[in-house]
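The chain contents come next:
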Amino acid sequence: MGLALAGCGTQSTQSTTGDTATTIQNKGSDTIVNLALAWAEQYQTLEPDVRIAVTGGGSGTGIAALINGTVDLANASRRIKAEETEAARANGFEPVEHIIARDAIAVIVHLDNPVDELTLQQVSDIYSGKITNWQEVGGEDRPIVLLSRETNSGTHVYFLEEVIRLGEKDNKTLFSQDTLLLPSSEGIGVEVRQNPNAIGYDGLGYVTPDMKTVAISRESGQPYYPPTAETVNTGQYPIARDLYIYTAGEPQGQVKAYLEWILSPAAQQIVLELGFVPVKTEGETP
Amino acid sequence: MTEARDAQPRRSPLWIEFFIERAIQAAGISAIILVVLIFLFLIKEGTPTFLKIPLTSLLGARWYPIEDYYGLLPLILGSLIITIGAAVVSLPLGLATAIFIAEIAPSWVRDVLKPFVEVLAGIPSVVIGFIGMLVFAPLIRVALDIPTGLTAFTGVLMLAWMALPTVVSVAEDVLDAVPKTYRDAGLALGMTHWQVIWRIVLPAGRSGVLMALMLGVGRAIGETMTVMMVTGNAARIPLGLRDFFMPVRTMTATIAAEMGEVAQGSPHYHVLFAVGLTLFVITFAVNMAAASVVFRQVKRGERMLS
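From first to last, the protein sequence lines are chains A and B.
Under numbering that gives the first Met the number 0, the residues of the first sequence are numbered 0 to 285, in order.
Under numbering that gives the first Met the number 0, the residues of the second sequence are numbered 0 to 305, in order.
Derived by calculation from the structure, the hints in this document are not laboratory data.
Derived pair list, reagent style DSS-like, types lysine-lysine, alpha-carbon separation capped at 27 Å:
# : chain 1 : residue 1 : chain 2 : residue 2
1 : A       : 171       : A       : 80
2 : A       : 211       : A       : 129
3 : A       : 80        : B       : 51
4 : A       : 168       : A       : 80
5 : A       : 129       : A       : 171
6 : B       : 51        : A       : 171
Since this is a predicted model, take the numbers as computed values, not measurements.
If we strip away everything but chain B, and leave its shape as in the complex, we get (with noise of 0.2 Å):
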């Protein structure tokens, strides 16, 4: 310890440093801490719902709640079919996008690209849904025949917009640390620039991109500004295709729509503290699925190395 002390001279005294180690420790434990409050704090005004409510009329598919309708199903499947079409819509555009920054632009194409890419995902939430409901819902009525364009895919289109830059920058900085010698060991062989991206770029940062995907799916799933202004929010049950094109409702969209005036403590307001926690635990699930994807990405990358 001393010796380290006379090797630097300029270091600080030893109680700074204390100090500092412990605020960072905080800090970092604080982050847990508030995580299990906000979990706790959602079950404890969450899980009276299913003592006051029957589990028929929780299961039901009217949500109605001002006349004590509370049926989550259609606020369940319209948050899943909104973010499910997110994620298919966005992976193959962010995908493309990032192989084309990342593999086939020349350098200043990409230096250009990078930074557009980073101001799509500064645009406030309500600037989009503003563009989406002024914009695409009339666009999309017009060219698609139906009745109204505040639909699933106005929302699914809106959420894509959204979920496009998390998805090109994690996809891209996963294809970029994809080793060049790898590539070089392709090119050798003879391969074509395609095969080399196709069969062993993508391939090599596979779990990477997964983890892309989840994160967008995070993105979308939490997202309701946007979703509340575009999707129309009629809580009606999506099941079959012509069901995107009609209007949902999220379950995020139902919390910011109808929390305002709930009385606190009716069951009104122990169900959207429900649909908080059924939210909750669905993120924290993709989230965590995410986790181990790049958990297991470290282990095969040492697995390589070894």
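Looking at chain A on its own, in the form it has when it is part of the complex (with noise of 0.2 Å):
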């Protein structure tokens, strides 16, 4: 599962200006992945002389590469661990953090099903088995039908953490049995544009016009926002993870100019195009 884009060099880190290109090793998060590749095929546009080599494999797989010294960029969709800092520093650098996205994940159900709103405890609950039908929260008298990714997705991982077990360290609270992991994100589409009993979750970027996104709130009492660009960036939407660009100490060269272009409000805009929520630059409005 990898997607190689201009990958001419195969092995060549930064620094590497021979007579010809430079190339741009970026790999990780399957998250990133496709808005990694608008951005690299545009900025191949721009700076001819740059090449950059796109990969998918996970957040993991990318950092992993980026301890090895085999990649220029990692893509990852959560922050880098202690230990992966730690064997990052065993090997001579410090990996810098750079937040290049947001990504909002939606709270997502069937066109026709009448609830608009949930609590973010409400979720918690739907998910871990606590609330088995949509009477239970204004809905129509059906049983909820729980569609999350497989546990190797990242998203998984944050929704377990974040809504599920409410951010709270200590909370032990797990998916309900009766969950069913789907492979993919077409799947979840698929279940929840057909069936009126499915409640989903995905990125905001695969929520498509045929599926109904859910409103969030904090707690109960609290206003409800739905998952918007706008609401992101404000903080309003609760639901949102940033997304990552690590590289191996500050940036130099090359690399320096594609992440100062990767912020720029053109690349910003291609990030709105795919779906995710832009970051607020500096000097900007948003």
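Got two chains here, each in a separate frame; can you build the complex from them with the hints?
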């Protein structure tokens, strides 16, 4: 599961400015891979001397490659872990974090489902199996069918920690055993579109008009917010995470230029087009 | 030797024969070596499971490896319910089709049906999975009024569909192999066509029909892609009849879904190999059973001839 784009050089890392082109190796999260590809494509038309090779494989894979020195940029949909930072230090560098976009996790239901809004606590109770009928949250008398990504997905882990466990470290609540674990975002989409009993979650970029996103509030009594670029950036929508690129030490040369371009309005426009949420860069209005 | 060469002057030189024989021999032995190597590899990677993880955890009812819950029971039962279900559905259907093709259908119908059954065998499992996910699952949900269509039952139907060509072709070959004299004898005694089929042809080919079933089972238990797409993959223990219409998670789907991102050498990695080992042992047992049935059949055939 790896797509390589214009990767003519295989091993070259930064500063290998030969007489032809610089190749920037970019690897990691599958959530980010499409975004990274779109950036790379655009950037290469602007800077023909730079080649950017993008591969997926997962956040952990990308960070491991950064530690081993085989890539210049590691994409991650989660923060680097303490043991990974230590491994990087043991290899003689400090990993540097760059927030390059934000991703809202939308809670999705069938279009005919009358439920418009849920609190975080309600979503947690639904997914841990405490609430099993839509009636209990103001819907029709229907059983709730829980849909989730597989356990190897970064989104699954994020949802477990931040939604089901409400971000509490000592909370050991688990997904209900009745949760359907589907191998792809498409699997979740298909089921949510045709099954009025279903509830699912996925990155905002995977939400299509033929399903309904639920507005979420942090606690009962507080206002409900739908997932949009605006509510994510103001911090009103509670289920949102940062997406990262890690570099080995402060970026230099072409890599630095590329990272700066990624935070430019033009590149952040691509973020928006792909359904992610742009980061507010300083001096810009969101 | 020399006489033989004189008799066939165009026969290739001896050294070529030697190499051809050796090559064929090597090809035959390599199959055995490969099976043994796979088995050893599974044992090597799978056995650390039993040292690293307490047996009570492995026999638990919950499979959630990222939080160290390694209960294998839901997976094993999930695979069993799907496989047995697929066998129960595909055997009568397959046998009936085989009887129709071999005994009843006029020869032109037979010439049309046989290739179609073989084409059925060639449909990739991912395509069957897609059809199951997009067409059958919604239909089943509405028709049976159950919460979701991604259930064990849907998986059983898809797998039965996939096992059907195997069952049909093997059973048809077996029925075809029943000597014509048996049928003639029956008809001469005044039996009807149906009586000949039911009382003579089927009993004569009984062991071969059993083998067809076993091969179908072997096909069903190892199937991954279709099952992963249509059964919902919820690791819950199926016990009652009701659970047949609820999601299940099979061993194959678990390995396929989780092997990709597991850290090499971690307990989770070894457990997945242990799951593979279990699967290997089950398929091996099924194949051995099928082989012994064939062996018995040969012996019976010899008895009849003597």
